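K.L.:
As they're listed, the protein sequences go chains A and B.
1 is the number of the first residue of the first sequence in the numbering used here; add one for each residue after it.
320 is the number of the first residue of the second sequence in the numbering used here; add one for each residue after it.
Bear in mind the hints are in silico, worked out from the structure with no lab data behind them.
In this text, all values refer to a predicted model and were calculated from it rather than measured experimentally.
Where hints are given, some of them may not hold.
Derived coverage of chain A by chain B (criterion: at least 3 residues anywhere in the stretch with Cβ under 8 angstroms from a Cβ of chain B; other residues may be distant) [said to hold, decoys possible]:
hint	stretch
1	27-33
2	53-61
3	66-80
4	108-120
5	168-175
Here are the simulated distance ranges between beta carbons [as the list claims (entries may be wrong)]:
hint	chain 1	residue 1	chain 2	residue 2	range
6	B	ASN432	A	GLU140	19 to 29 angstroms
7	B	GLY469	A	ALA12	27 to 37 angstroms
8	A	GLY139	B	GLY469	47 to 57 angstroms
9	A	GLY283	B	LYS328	52 to 62 angstroms
10	B	LEU489	A	PRO55	44 to 54 angstroms
11	B	ALA332	A	GLY297	17 to 27 angstroms
Cut-off 20 angstroms, straight-line C-alpha distance, at most; resulting in silico cross-link-like pairs (SDA-like, lysine to any residue) [unchecked claim]:
hint	chain 1	residue 1	chain 2	residue 2
12	A	LYS148	B	LEU445
13	A	LYS92	B	LEU445
14	A	LYS38	B	LEU445
Cβ coordinates follow ideal geometry from the N, Cα and C atoms, glycine included.
2 protein chains.
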Amino acid sequence: MTEFELIQKYFAAQPVSRDDVVLGIGDDAAVLAPPAGKHLVVTTDSMIEGVHFTPETEPESLGYRALAVNLSDLAAMGAEPAWFFLNLTLPKIDETWVEAFCRGMFSLAREFNVQLVGGNTTRGSLSITIEAQGLISEGEAIRRAGAKPGDGIYVTGTLGDAALALRHRLGRHSLPVADYDVLKPRLDRPTPRVREGMALRRIASSAIDVSDGLLADLGHIAEASGVGALVVRDHVPLSETYRRHLHEVGWDHALSGGDDYELLFTAPAHAGRDLQRLLTRFGVGISQIGEMVSGDGVTVIDTAGNPYRPATRGHDHFA
Amino acid sequence: MTEFELIQKYFAAQPVSRDDVVLGIGDDAAVLAPPAGKHLVVTTDSMIEGVHFTPETEPESLGYRALAVNLSDLAAMGAEPAWFFLNLTLPKIDETWVEAFCRGMFSLAREFNVQLVGGNTTRGSLSITIEAQGLISEGEAIRRAGAKPGDGIYVTGTLGDAALALRHRLGRHSLPVADYDVLKPRLDRPTPRVREGMALRRIASSAIDVSDGLLADLGHIAEASGVGALVVRDHVPLSETYRRHLHEVGWDHALSGGDDYELLFTAPAHAGRDLQRLLTRFGVGISQIGEMVSGDGVTVIDTAGNPYRPATRGHDHFA
Chain A
1 MTEFELIQKY
11 FAAQPVSRDD
21 VVLGIGDDAA
31 VLAPPAGKHL
41 VVTTDSMIEG
51 VHFTPETEPE
61 SLGYRALAVN
71 LSDLAAMGAE
81 PAWFFLNLTL
91 PKIDETWVEA
101 FCRGMFSLAR
111 EFNVQLVGGN
121 TTRGSLSITI
131 EAQGLISEGE
141 AIRRAGAKPG
151 DGIYVTGTLG
161 DAALALRHRL
171 GRHSLPVADY
181 DVLKPRLDRP
191 TPRVREGMAL
201 RRIASSAIDV
211 SDGLLADLGH
221 IAEASGVGAL
231 VVRDHVPLSE
241 TYRRHLHEVG
251 WDHALSGGDD
261 YELLFTAPAH
271 AGRDLQRLLT
281 RFGVGISQIG
291 EMVSGDGVTV
301 IDTAGNPYRP
311 ATRGHDHFA
Chain B
320 MTEFELIQKY
330 FAAQPVSRDD
340 VVLGIGDDAA
350 VLAPPAGKHL
360 VVTTDSMIEG
370 VHFTPETEPE
380 SLGYRALAVN
390 LSDLAAMGAE
400 PAWFFLNLTL
410 PKIDETWVEA
420 FCRGMFSLAR
430 EFNVQLVGGN
440 TTRGSLSITI
450 EAQGLISEGE
460 AIRRAGAKPG
470 DGIYVTGTLG
480 DAALALRHRL
490 GRHSLPVADY
500 DVLKPRLDRP
510 TPRVREGMAL
520 RRIASSAIDV
530 SDGLLADLGH
540 IAEASGVGAL
550 VVRDHVPLSE
560 TYRRHLHEVG
570 WDHALSGGDD
580 YELLFTAPAH
590 AGRDLQRLLT
600 RFGVGISQIG
610 EMVSGDGVTV
620 IDTAGNPYRP
630 ATRGHDHFA
C-alpha cells in the first residue's frame with residue numbers, strides 16, 4: 001500500500017461533511033469558507049511516542065487523544081470546532097494500526113462535527129500532529145489574560161486522574177485493576193470540554209485547559225493577567241477513585257499532574273448564578289478552587305490556611 | 320533554557336505584524352480575522368530528518384525550506400499567504416541551531432508578509448511541521464481538477480536542479496564544486512512561486528507544485544481532471560548547469576526528481592498572451608512542455624516523437 005492509497009482509503013473517506021468546506025482532502029491545500037463576521041481560532045499540538053505516550057498505548061486511543069487535546073485548546077478559547085489537519089509520521093504502513101487510529105479519531109470528530117480536510121503522512125518514528133480550527137464571533141474569544149483580583153477560580157470535572165493512571169502504567173504506583181480501569185480512559189480518552197467552553201463565552205474572565213498541570217496552567221493565567229492566584233488545596237476536585245488513594249499518592253498529581261484536559265477558568269463573583277445554570281446544563285461538575293488576588297504567582301494553602309508546597313509545579317518537555 | 324523561554328525568545332519575537340492577527344503566540348490558540356468574502360486556503364507539510372533532509376543540512380536552510388514548501392502549496396492554489404504555525408521536535412535545546420533555523424524561516428516570512436501565530440516545541444528526533452494559511456477570493460482557487468484536452472502544460476523555472484544537488488550530496492554523482500554551489504540553493508532554499516501563483520488565478524485551468532516530481536505531479540493533475548497528458552521530454556526546461564551534465568545524468572532527475580517547487584499548470588490555448596505578460600512581469604521563465612489530451616495517464620515523447628520511459632516516476636515516502 002502506497003502513501004496515496006493510505007490517504008485515499010483511510011483519510012479521504014473521513015465521516016464528517018460540513019457545508020463550509022469548499023475543497024477538502026486531495027488538492028495542494030484545503031479551501032474553507034468561514035462565515036462572515038466570524039474569527040478563526042487555530043491551535044496545533046503534537047504527540048510523540050516516548051514523550052507524550054508509551055508504546056503500548058492503543059492506536060484507537062492515540063487517534064482519539066490527538067484530536068481531543070486540540071479540541072481542548074479550542075474549548076479553552078470558547079470556540080466552536082470546525083476543521084482539522086493531520087500530520088502522521090509512521091515507521092511503516094500497518095493497516096490494522098491505521099484503521100484503529102482512525103476509528104478513535106473519527107469517533108470524536110463525529111461527536112463535535114469537525115471535518116478532517118488535509119494533512120500528510122510520512123515515514124519516521126511515530127508522531128502525530130493535529131492542527132484544529134474553530135470559529136467564534138468577533139471579541140468573544142476567552143483569553144488567558146483577563147482575570148482580576150476577586151475573580152473566583154473554577155475547574156470542570158476532577159483533576160489528577162490521568163496522572164494517576166500514567167503513574168500506574170509506568171509502574172511507579174500499583175492500582176487495583178478495577179481502579180485502573182476507571183482512570184485509564186481519563187488518560188487515553190480525555191473529554192474536551194467543548195460545549196462548556198462555548199457556554200463560558202460571556203461568563204469567564206479568562207480560561208485555559210489543564211494540560212501542563214493545574215498550578216502551571218493557573219500560573220499562565222496569573223502571569224498573562226498580571227495578578228496572583230490563591231488555591232485552597234482541599235477544594236481541588238478529586239474523583240472518588242483518586243480520593244480512595246489520596247493518603248498514599250497525596251495531592252500533587254491533582255495539583256501538578258497535567259493531561260486532565262479540564263477547563264480552568266476565572267469568573268467575577270457576580271457570575272455565580274450563570275455558573276449554577278451551567279452546572280445543571282452539562283453533566284460535568286464545576287468547582288471553585290480559589291480566588292485571584294493582587295500580586296503575582298500561585299499560592300496553595302490547605303484548609304487550615306497553612307501554605308502547601310507541591311514537589312513539582314508542572315511539565316516542561318525539555319526538563 | 321525551558322520550552323517556554325525558547326518560545327518567548329525565538330518564536331514570540333517573530334518579525335511580521337499583520338492587522339488581521341487578533342491574537343498571536345502565547346494563548347491556547349491564535350485568533351485570526353479573515354477579511355469578509357475571502358476563503359481560507361490551508362496546507363501542512365512535515366520535514367523529517369533522514370527522510371526529507373540529511374543531518375548535515377544547515378539549520379538556516381531547514382527553517383527556510385520548511386516554510387517554503389508550505390508557501391509553495393499555497394502558491395499552487397493561487398492564494399496569498401497570511402499566517403503560519405510551527406511544530407518543532409528537537410532532540411535538545413541548542414540555541415545556536417534554533418537561532419539559525421529562525422533566521423532562515425523568518426527571512427522568507429518577511430519576504431511574503433506571513434506571520435507566525437502559533438505552534439509548539441517538543442523533545443524528540445528532529446522534525447519540522449508547518450501549517451500555512453492563505454487567503455483567496457471566493458471561486459478563485461486553482462485546483463488540480465480543471466485541465467481540458469488541448470490545454471497547454473506549463474512549468475515555471477527549471478526542473479531537476481534540486482535532485483541533482485541531492486544526488487551529489489548523497490555521493491551518487493560527483494559535481495564540480497562550482498556547479499554544486501549553483502545547484503545547492505535550489506535544494507535547500509527553493510523559491511516558492513507565490514506571486515506567479517497569484518497572477519495565474521484567472522489564467523490557469525489547473526495547477527500543482529512540483530514536489531514529488533514532474534511526472535508524478537502531472538499525473539495528479541491528469542487524474543483529478545480526468546484527462547491525459549503528453550510531455551515532450553526535450554521541452555522540459557533545464558538550467559545551464561543541469562544541461563552541462565545532461566549526457567551523464569540523463570533526463571530523469573528533471574522528469575521525476577521532485578523537490579523543485581516550481582509551479583506546474585495548464586492553461587487554455589487562448590491564454591498565450593496573458594502568459595507572455597506574466598513572463599515579462601516576473602523574473603522566472605515559463606515554458607510550455609506539452610499538452611493535455613483525451614484519455615488518461617502521462618506520456619513522454621522525445622523530439623522525434625518516440626516514447627520515452629523514465630526509470631522512476633516519482634516519490635512515495637513508504638516505498
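K.L.:
Could you run down the list of hints and mark each one as holding or not?
P.N.:
Okay, the hints, checked on the actual structure:
1. Only residues whose C-beta sits within less than 8 angstroms of a C-beta in chain B count toward coverage, and the stretch 27-33 of chain A has 7 of them, enough to reach three; the restraint holds.
2. A count of 0 residues in the stretch 53-61 of chain A with a Cβ less than 8 angstroms from any Cβ of chain B is obtained; the coverage claim is therefore unmet, three being the minimum.
3. A stretch counts as covered by a chain when three or more of its residues have a beta carbon under 8 angstroms from one of that chain; for the stretch 66-80 of chain A and chain B the count is 5, and the coverage holds.
4. Check on the stretch 108-120 of chain A: 4 of its residues sit with their Cβ under 8 angstroms from a Cβ of chain B, so the three-residue criterion for coverage holds.
5. Interface restraint, the stretch 168-175 of chain A with chain B: violated (0 residues with C-beta to C-beta distance below 8 angstroms; minimum three).
6. For ASN432(B) and GLU140(A), the Cβ-Cβ distance of about 27 angstroms falls inside the hinted range of 19 to 29 angstroms, so the restraint holds.
7. The supplied range of 27 to 37 angstroms is met by GLY469(B) and ALA12(A), whose beta-carbon atoms lie about 29 angstroms from each other.
8. Take GLY139(A) and GLY469(B): their Cβ atoms lie about 52 angstroms apart, and the range 47 to 57 angstroms holds.
9. Against the hinted window of 52 to 62 angstroms, the Cβ-Cβ separation of GLY283(A) and LYS328(B) comes to about 42 angstroms, which falls outside the hint.
10. Distance hint check for LEU489(B) and PRO55(A): the Cβ-Cβ separation is about 31 angstroms, which falls outside the suggested range of 44 to 54 angstroms.
11. In this structure the supplied range 17 to 27 angstroms holds for ALA332(B) paired with GLY297(A), their Cβ-Cβ distance being about 25 angstroms.
12. With a CA separation close to 41 angstroms, the supplied pair LYS148(A) and LEU445(B) exceeds the 20 angstroms bound.
13. As the CA atoms of LYS92(A) and LEU445(B) are separated by approximately 18 angstroms, the hinted pair is consistent with the 20 angstroms bound.
14. For the hint pairing LYS38(A) with LEU445(B), the CA-to-CA distance comes to about 36 angstroms; that exceeds 20 angstroms, so the pair is violated.
Consistency with the previously given hints fails for numbers 2, 5, 9, 10, 12, 14, ordered from lowest to highest.
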